[in-house]
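Novice: Okay, here's what each chain looks like letter by letter:
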Amino acid sequence: MTDQSASAPLVVPAHRGLLGRFARRAEAVVLPLAALLVGIAVFSIFLLLQGKSPIQFFALTYQGAFGSAFSWQNTLSRTAPLLFAALCVALPARLGLVVIGGEGAIVLGGVAAGAAGVVFSQSIGLIAFPLMAACAMLVGGLWIGAVGALRYYRGVNETIASLLMAYIAIALMNHLVEGPLRDPESLNKPSTTPLPAQLRVGDIPGWEVHWGLAFGILACLLAWVLIEKTTWGFAARIAGGNMRAAQVQGLSVGRLIIGFTALGGALAGLAGFFEVAAVHGSANGSLAAGYGYTGILVAFLARHNPLAIIPVAILLAGFEASSGLIQRRMNLPAATVLVLQGFVFVSILMSDTLYGRFKMFAPERWRSA
Amino acid sequence: MESDLGLWVIPLAILGGAIRVSTPFLFVSLGEVLTERSGRINLGLEGTLVFGAMSGYAAAYLTGSPWLGVLAAAAGGAFFGLIHGLICSLPRVNDIAVGIAMMILGMGLAFYFGKPFVQPVAPDLPSIDFGWWSDVPQVRAALRVNVLFIIGAGLAFAMWWMFRATRVGLVIRVVGDSTDAARAMGLRPALIRTLSTTVGGAFAGVGGAYLSLFYPGSWNEGISSGQGLMAVALVIFARWNPIACFGAALLFGGAGALGPTLQSVGISEGYYLFFAAPYVLTLGVLIATSSPSRAMAGAPGELSITK
Chain A
1254 MTDQSASAPL VVPAHRGLLG RFARRAEAVV LPLAALLVGI AVFSIFLLLQ GKSPIQFFAL
1314 TYQGAFGSAF SWQNTLSRTA PLLFAALCVA LPARLGLVVI GGEGAIVLGG VAAGAAGVVF
1374 SQSIGLIAFP LMAACAMLVG GLWIGAVGAL RYYRGVNETI ASLLMAYIAI ALMNHLVEGP
1434 LRDPESLNKP STTPLPAQLR VGDIPGWEVH WGLAFGILAC LLAWVLIEKT TWGFAARIAG
1494 GNMRAAQVQG LSVGRLIIGF TALGGALAGL AGFFEVAAVH GSANGSLAAG YGYTGILVAF
1554 LARHNPLAII PVAILLAGFE ASSGLIQRRM NLPAATVLVL QGFVFVSILM SDTLYGRFKM
1614 FAPERWRSA
Chain B
-14 MESDLGLWVI PLAILGGAIR VSTPFLFVSL GEVLTERSGR INLGLEGTLV FGAMSGYAAA
46 YLTGSPWLGV LAAAAGGAFF GLIHGLICSL PRVNDIAVGI AMMILGMGLA FYFGKPFVQP
106 VAPDLPSIDF GWWSDVPQVR AALRVNVLFI IGAGLAFAMW WMFRATRVGL VIRVVGDSTD
166 AARAMGLRPA LIRTLSTTVG GAFAGVGGAY LSLFYPGSWN EGISSGQGLM AVALVIFARW
226 NPIACFGAAL LFGGAGALGP TLQSVGISEG YYLFFAAPYV LTLGVLIATS SPSRAMAGAP
286 GELSITK
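Sequence lines, in order, name chains A and B. Per the numbering used here, the first sequence starts with residue 1254, numbered consecutively. Per the numbering used here, the second sequence starts with residue -14, numbered consecutively.
Bound-form chain A, shown alone:
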């Protein structure tokens, strides 16, 4: 597209009013949406080749995810961990880091919360909840913060390290839940001692969805403020653009890397806390439900924008919430959702090549009327 930039006027007006500002922002919305639709279209062709109806698939998805109050509750309960898991990807991504091991922080955060719940089982929720959440965040933050530290001090690739640590975390969880922390009464499914009733996180009044959703949305809002409105967020973006330039500018890149990864890990740990205290009632193998992996796709689809994470997480939670209905009605395997996620993920990454190629999103290249 060099010919267009060559013919652009030398003096570029700073902006072209509201329309110009709108056009610039529109690119970040239109391209991911188009990529999402392309991914869905490819998946629909895939279903057609199997002799299955994509129309029935998406009708059932709507019904199972958003069709009734009950399905909305199911979707929103699954949204909560996805919000935290996506932030665990999006925050380090500001520094150009691809951290994909949020699952490990969720799992170990859940174990920490479960163990803390046993310790504080005599106290009231008002005292125990902050302590349990703090334990979960501390463990999650240390786990993913270690990935950042390894990256900064040893140059270890954060993508591989974080995924390896997710496998280690799941093995650790199995060891703890089947060994030292096991409740002897949990026979079929090894678990920690169930939390007493007063230490179960309840529902948001009138919503029948647990409080994790509210805190997840709050975390997204705060993360947006951190990234867009504070000097730390600004410094992180500079460092993400060019690590060496940031160092030359005197930014402490090490603190940024470790801080952002640890914060992401702490939030993923908080997801583990809510999974234990609001959903399962004790820490067990159900913690490794794959939210950490779906969160990767949520963050990439949202282009690592914490505000965009909220609707994207609801959408992907909806796909997972309706999975059971689709399996029963259409006789499709459980992995169908994974295939859909794969197509959408590949499509969204391919769309990266399109940014800056369309004139309609670049007001400075519009011909003056």
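Incorrect hints may appear among the rest.
To be clear about the criterion: a stretch of chain B counts as covered by chain A if any three or more of its residues have a C-beta under 8 Å from a C-beta of chain A, and this derived list gives those stretches [what the hints assert, rightly or not]: (1) 75 to 86; (2) 208 to 216; (3) 258 to 266.
Derived coverage of chain B by chain A (criterion: at least 3 residues anywhere in the stretch with Cβ under 8 Å from a Cβ of chain A; other residues may be distant) [said to hold, decoys possible]: (4) 130 to 137; (5) 192 to 203.
If the Cβ cut is set under 7 Å, some of the chain B residues that face chain A in the computed set are [claimed, not checked]: (6) I89; (7) L90; (8) G93; (9) L94; (10) M170; (11) P277.
Think of the hints as simulated: they come from the structure by calculation, not from any bench. Virtual Cβ for every residue (Gly too), placed ideally from N, Cα, C.
With the hints as your guide, set chain B onto chain A.
Specialist: Coordinates of chain B only, in the frame set by chain A:
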């Protein structure tokens, strides 16, 4: 089984396990060496491995021939490699992220198409008995070596020779070290990288066929737990040298055999911690061999992972 071997059972079982478990590591890491030497990284080989395991098992079951299964796995792996290579040829696309996406897609497709093949039994790949001279069953079991392991070892040496002494090897190395130099020589970097990624994917697919057709020798959704990813990390440890990959694969195979071996002799305390041994070893090796300041010795210059 209560022979007079005593505790010798453990190292023997680990040796046998190293040979058995290492083959998928070997094939995936050789595929990754080929890909990375051309200047690109494919983190999606975990997904390719799982898809290879499924397609190999399915083809072997349907045709009755395990070798047709291996061929199908190689073809499936090549297809995934080709897609990865083509997508990464687009400008400004992040090859690490595409690898993650291909990993999810590969696993999704493998689980989707593999569901009908969880129950049936496919024919196994043949193996050669190198322990015929011994009367001890454990020795014989340890030295029952699968043909694919021998092919993999041969492939490692062949690749080493290719990079060292052939024109093809030189072309791949030039493209991997400097896009500009390659262009100046009249080479087409995107094409060569895509081809390398395709062949690398085929290798990873064969590694998957080994999983489902020999050890553990059945298809299920938990057939690979990060072997493909560990093999990618192993390439850094092996400094992009195919023969070093062979040694590293044996080491990782031994670590992977630790948990099952200890369980087989009745040590179940901390079983899950031993199960984590290969991941801990991989991480330890990555920490030991990475460096924050200087570029890694032997690393291809265009590799995004080391820049």
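Novice: Now tell me, hint by hint, if it's right for this structure.
Specialist: Hint check results:
{"no.": "1", "hint": "75 to 86", "result": "holds (count 10)"}
{"no.": "2", "hint": "208 to 216", "result": "holds (count 4)"}
{"no.": "3", "hint": "258 to 266", "result": "holds (count 5)"}
{"no.": "4", "hint": "130 to 137", "result": "violated (count 0)"}
{"no.": "5", "hint": "192 to 203", "result": "violated (count 0)"}
{"no.": "6", "hint": "I89", "result": "holds, 5 Å"}
{"no.": "7", "hint": "L90", "result": "holds, 3 Å"}
{"no.": "8", "hint": "G93", "result": "holds, 3 Å"}
{"no.": "9", "hint": "L94", "result": "holds, 6 Å"}
{"no.": "10", "hint": "M170", "result": "violated, 25 Å"}
{"no.": "11", "hint": "P277", "result": "holds, 4 Å"}
The structure does not agree with the numbered hints 4, 5, 10 stated previously, though it agrees with the rest.
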